[in-house]
Amino acid sequence: MFSLSPEEWTAVGVSLKVALVATAVSLPIGIFTAFALARWRFFGKTLLDGIVHLPLVLPPVVTGYVLLLSFGRHAPLGAFLADHFGIVFAFRWTGAALASGVMGFPLMVRAIRLSIDAVDRRLEAAAGTLGAHPLWVFLVVTLPLALPGVLVGAILCFAKALGEFGATITFVSNIPGQTQTISAAIYTLTQVPNGDVGALRLTLISVTIALTALVASEVLQRWTSKQYHPIE
Amino acid sequence: MILVDVSLKFRSFELAVAFSSEGGVVALFGPSGSGKSLTLNLIAGLARPDQGRICLNDQTLVDTQAGIFVKSYRRRVGFVFQDAQLFPHLSVRRNLMFGRWFSRRGERAIDFDSVVATLGIEHLLERSPSHLSGGEKQRVAIGRALLSDPQVLLMDEPLAALDLERKLEILPLIENVRDEFKVPIIYVSHALDEVARLASKVVVLSAGRVTAIGPPGQVLGMTDDGLGYDRFERSSVLTARVEAAKSHYGLTELVHPAGRIWLSGLAGPPGRELRVVVKATDVTVATVQPTHLSVRTILGGTLASIETDEGPLATLTMTLPGGDQLVALTTRMAVQELSLRSGDQVFALIKTVALDERARTRRG
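Top to bottom, those sequences are chains A and B.
For the record, in the first sequence the residue sitting at position 80 is 80 according to our numbering, with numbers rising by one throughout.
For the record, in the second sequence the residue sitting at position 142 is 142 according to our numbering, with numbers rising by one throughout.
Careful: at least some of the hints might be erroneous.
Capping the alpha-carbon separation at 30 Å, the derived lysine-lysine pairs in DSS-like fashion look like this [as the list claims (entries may be wrong)]: (1) B/K182 / B/K201; (2) A/K45 / B/K71; (3) A/K45 / B/K9.
Quick list of the computed label-pair ranges, beta carbon to beta carbon [what the hints assert, rightly or not]: (4) A/R222 / B/S7: 48 to 56 Å; (5) A/W223 / B/F10: 40 to 48 Å; (6) B/S32 / A/L139: 32 to 40 Å; (7) A/A216 / B/K182: 48 to 56 Å; (8) A/A216 / B/D111: 39 to 47 Å.
Hints were generated in silico from the structure; no laboratory data involved.
We put the CB at the ideal spot given by N, CA and C, even for glycine.
Okay, chain A solo, but in the shape it has when bound:
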């Protein structure tokens, strides 16, 4: 009962790969976006804020379909990336990573933005008067102080990416070994006779990964806040 079939192991592997890559790639973009939304005033800020949050409120299937329309093999953006950079999203695990990254992005940006908002701007001003260029101020003052929020954002994005189903299956379908994640595999197993045991096993795996991520985030958060207040 507790030994996974090779297909199930593959689904676990695909899920982890997809979620990790989605989180890692969207993290720098997320930090930049969060910083821009928290600190800068620019034309179209509200629009950017809206676009970032769109995947949170749109039906995932719609997001997946929009991705298919823009990054599909024959879509303009997809063709451009494939021809010039050799990056193909359609029906590849990279597409699954893109879809789950897009879905996790608003959660990530929200968490990071909140923590950047909480950083006292006069600390940044102090760093500036001490001769630090704004980029350095960001790297050595703002980012370290916002680190707990950055970690929370990354974990949320990872968890969302791990469980993503609707956008992924719409965009890159459900191909075992390529785009079939745990969620898609569970869905498939529930559709076939005698698939219940496998679905249950994957569900347990899913719960374990999610719990591990939560505990890891808790530990990391404690560790970072200890850096600032060694006693409290």
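Given the coordinates of chain A, assemble chain B onto it according to the supplied hints.
Positioned in the frame of chain A, the structure of chain B alone reads:
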């Protein structure tokens, strides 16, 4: 050499300030909302003036006509905030070294060890800022600003958040910093005792305008300082030199061009220059030199102005030899009965017990 001539309009507040500094401590003095801190932010590049110029040594930091605005991080000004603003994620040592990472090697004139020694913070170096008291934080903040090798140190009410005891602990440290590292300081405060003690030049601000500029003895306590203090807050500042300590009586004798000032307590070696803060309510005025009184401090001077209104009180301003202004509060009746007039030679009597061993510090 610092030159400031700026104006700025922000909502209903208008600031128009011009002054210069030739070194030493220049104090921007005035009530809250007078534009002191804003002026400091303009010098630091944390705010932008609508119009004007700011020059620091041979560099133009701001010139609105020429379109010059040097960014804050290129100005090399050390800013000390009222609430220290230490980086909470860095140790005291790293806070102190912060400015070093960004200064060029050739510009490092100020030595780490001597700053740490002057401020007495050796034992704090490995601590986290969250484990420091308010006074300790402020000392580290001063050290941090100093170690960025600034061309000017800007201090924004650095002692306002501290209790009197901490304040009296840090004031001499600021004096030491001033004397040892020769960095010009612009010091913002609404506390007369701090300004009297530290400043060589005072710029009095009121509602965004400069109302007086000059040495502390001449401008502090002036009637038009716009501070709106109640009468128990009015004080003037006398600059005097320690003559001798009468340790037998526990008194210190000071010499002022207008006469001798007796201070309770011992206030340093002979020759040391002190500024004595005298409350206007502690001064009695006489038209003849009195004798047979317990008062030891009697200063002769000229009555410069008498201000009265419908109320019972009168404010007398005396000009003392040497240029210091002394303010005395008395009653309209006394002015009438002594028939005091501007230009009269008068004597100011100050009770020694009103000047306590904190010497240069106003009580309370």
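Do the hints match the structure? See the list:
1. Only pairs whose Cα atoms come within 30 Å are accepted, and B/K182 paired with B/K201 is accepted, the gap being roughly 16 Å.
2. Of the supplied pair hints, the one linking A/K45 and B/K71 holds, its CA atoms being roughly 25 Å apart against a limit of 30 Å.
3. Using a Cα cut-off of 30 Å, the hinted pair A/K45 and B/K9 holds, with the two alpha carbons roughly 27 Å apart.
4. Here the CB-CB span from A/R222 to B/S7 is close to 51 Å, well matched to the stated 48 to 56 Å.
5. A hinted range of 40 to 48 Å holds for the C-beta pair A/W223 and B/F10, which are about 43 Å apart.
6. Separated by about 36 Å at the C-beta atoms, B/S32 and A/L139 satisfy the suggested range of 32 to 40 Å.
7. Range check, A/A216 to B/K182: about 53 Å between beta-carbon atoms, so the 48 to 56 Å window is met.
8. Remark: the range hint 39 to 47 Å for A/A216 to B/D111 is upheld by a beta-carbon distance near 45 Å.
Of the numbered hints listed earlier, not one is contradicted by the structure.
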